[in-house]
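J.: One letter stands for each residue in the lines below.
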Amino acid sequence: MRATARVIVTPKPVVNDPQGLTVKQGLVTLGFREVDDVRVGKYLEVSLEAENMHEARERVEAMCRQLLANHVIEDFRFEVDREDHQRR
Amino acid sequence: MKFGVVVFPGTWSDRDCGWVIDQVLGAQLQYLWHKDADLKGCDCVILPGGFAYGDYLRTGAIARFAPVMEAIGEFADRGGLVWGICNGFQILCEAGLLPGALIRNSSLEFRCEWTHLMVERTDLAFTSACVEREVIRVPISHGEGSYFAEPAVLSRLEQSGQVVFRYCDADGRVVPSANPNGSLHNIAGIVNKRGNVLGMMPHPERCAEPELGGDDGLKLFRSVAGTALRLLVS
Chain A
523 MRATARVIVT PKPVVNDPQG LTVKQGLVTL GFREVDDVRV GKYLEVSLEA ENMHEARERV
583 EAMCRQLLAN HVIEDFRFEV DREDHQRR
Chain B
44 MKFGVVVFPG TWSDRDCGWV IDQVLGAQLQ YLWHKDADLK GCDCVILPGG FAYGDYLRTG
104 AIARFAPVME AIGEFADRGG LVWGICNGFQ ILCEAGLLPG ALIRNSSLEF RCEWTHLMVE
164 RTDLAFTSAC VEREVIRVPI SHGEGSYFAE PAVLSRLEQS GQVVFRYCDA DGRVVPSANP
224 NGSLHNIAGI VNKRGNVLGM MPHPERCAEP ELGGDDGLKL FRSVAGTALR LLVS
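The listed protein sequences correspond, in order, to chains A and B. No gaps in the numbering here: position 54 of the first sequence is 576 in this note's numbering, and each next residue is one more. No gaps in the numbering here: position 100 of the second sequence is 143 in this note's numbering, and each next residue is one more.
Treat the hints with care, as some may be off.
In silico lysine to any residue, SDA-like type, Cα no more than 20 Å apart, as pairs [claimed, not checked]: (1) K45/B - A119/B; (2) K534/A - H228/B; (3) K236/B - R164/B; (4) K534/A - T165/B; (5) K534/A - L227/B; (6) K564/A - A119/B.
Computed beta-carbon distance windows for the label pairs [claimed, not checked]: (7) S149/B - S569/A: 49 to 57 Å; (8) E117/B - R579/A: 32 to 40 Å; (9) E580/A - S149/B: 34 to 42 Å.
Keep in mind that the hints were calculated from the coordinates and are not lab data. The beta-carbon is built from N, C-alpha and C at its ideal position, and this holds for glycine as well.
Let the sequences and hints guide you as you build the complete structure.
T.: Pasting the structure below:
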């Protein structure tokens, strides 16, 4: 089966995120005063081949641990979807 | 004494390091291509500054997969001297040869300016030509040089004296105003436990001749050359 993983990598809460702070300040300046906090991270899409969904999730988890996120400074989360073969 | 200078696609300080080694220090110089699987008999390997592999994904994240990095890992395990400067420091952290990580400067600016560094270790191969608690003047040039490590890692580093350089003012005071990038504990450079792998954000190769506004950086190159000489004699 083919699958697509949507991986989100964000700075850990304990890591200072000056980009997030700056974006937050920008939003507040525009009048979005309800904004408490902004964290700027990364979004990755990984297409892969796997035997089943369980294997796909395991492989993506390993990819995140070994390369896509740096465990010292970043957290990651992901969703894996089966590719619809009927789709054009 | 033979220095190896690693060249990745995107490295930009290799020639500056090479110039200091070859022309200023008069030591043997060997450039090491990222695809080289052996270190050609070098006594000290420098990972210079730049943007190895475009710093894609994260600084240093892709460089650690280069064939030369495997050889450097084994060399470090055997006690060989490995010296990461700027991007080289970032690569050593990504490769797990040094703890922690370098993140975006707290100012969000790329900082290219002179800094003062407190030298906290002089018993190392890299700093033996410095005197205890000497203040040296070395420029920085980076956008992602803010040192971060988890509290437990940071306190281990401090307890075992692995912080080698700290940003300070001209009088040697380690104060927040002397910190150019938001590094925790004003950390500018650290060494591994064994003392043979050094990572530092400032650029000693850019201040090794008076014509460049200062030559404090030469002390570090002289330290390494002197250490190798002592090893030969003993």
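J.: Against each hint, give a clear statement of whether it holds in the structure.
T.: Checked hints:
1. K45/B - A119/B: Satisfied, since the Cα-Cα distance of roughly 16 Å is no more than 20 Å.
2. K534/A - H228/B: Holds: K534/A and H228/B sit about 19 Å apart, inside 20 Å.
3. K236/B - R164/B: holds, 12 Å
4. K534/A - T165/B: violated, 35 Å
5. K534/A - L227/B: The given pair, whose Cα atoms are some 15 Å apart, holds under the 20 Å limit.
6. K564/A - A119/B: Since the Cα atoms of K564/A and A119/B sit roughly 32 Å apart, the hinted pair is violated (cutoff 20 Å).
7. S149/B - S569/A: 49 to 57 Å: Since the Cβ atoms of S149/B and S569/A sit about 36 Å apart, the hinted range of 49 to 57 Å is violated.
8. E117/B - R579/A: 32 to 40 Å: holds, 34 Å
9. E580/A - S149/B: 34 to 42 Å: Because 37 Å falls inside the window, the suggested range holds.
When held up to the earlier numbered hints, the structure conflicts with 4, 6 and 7 and fits the remainder.
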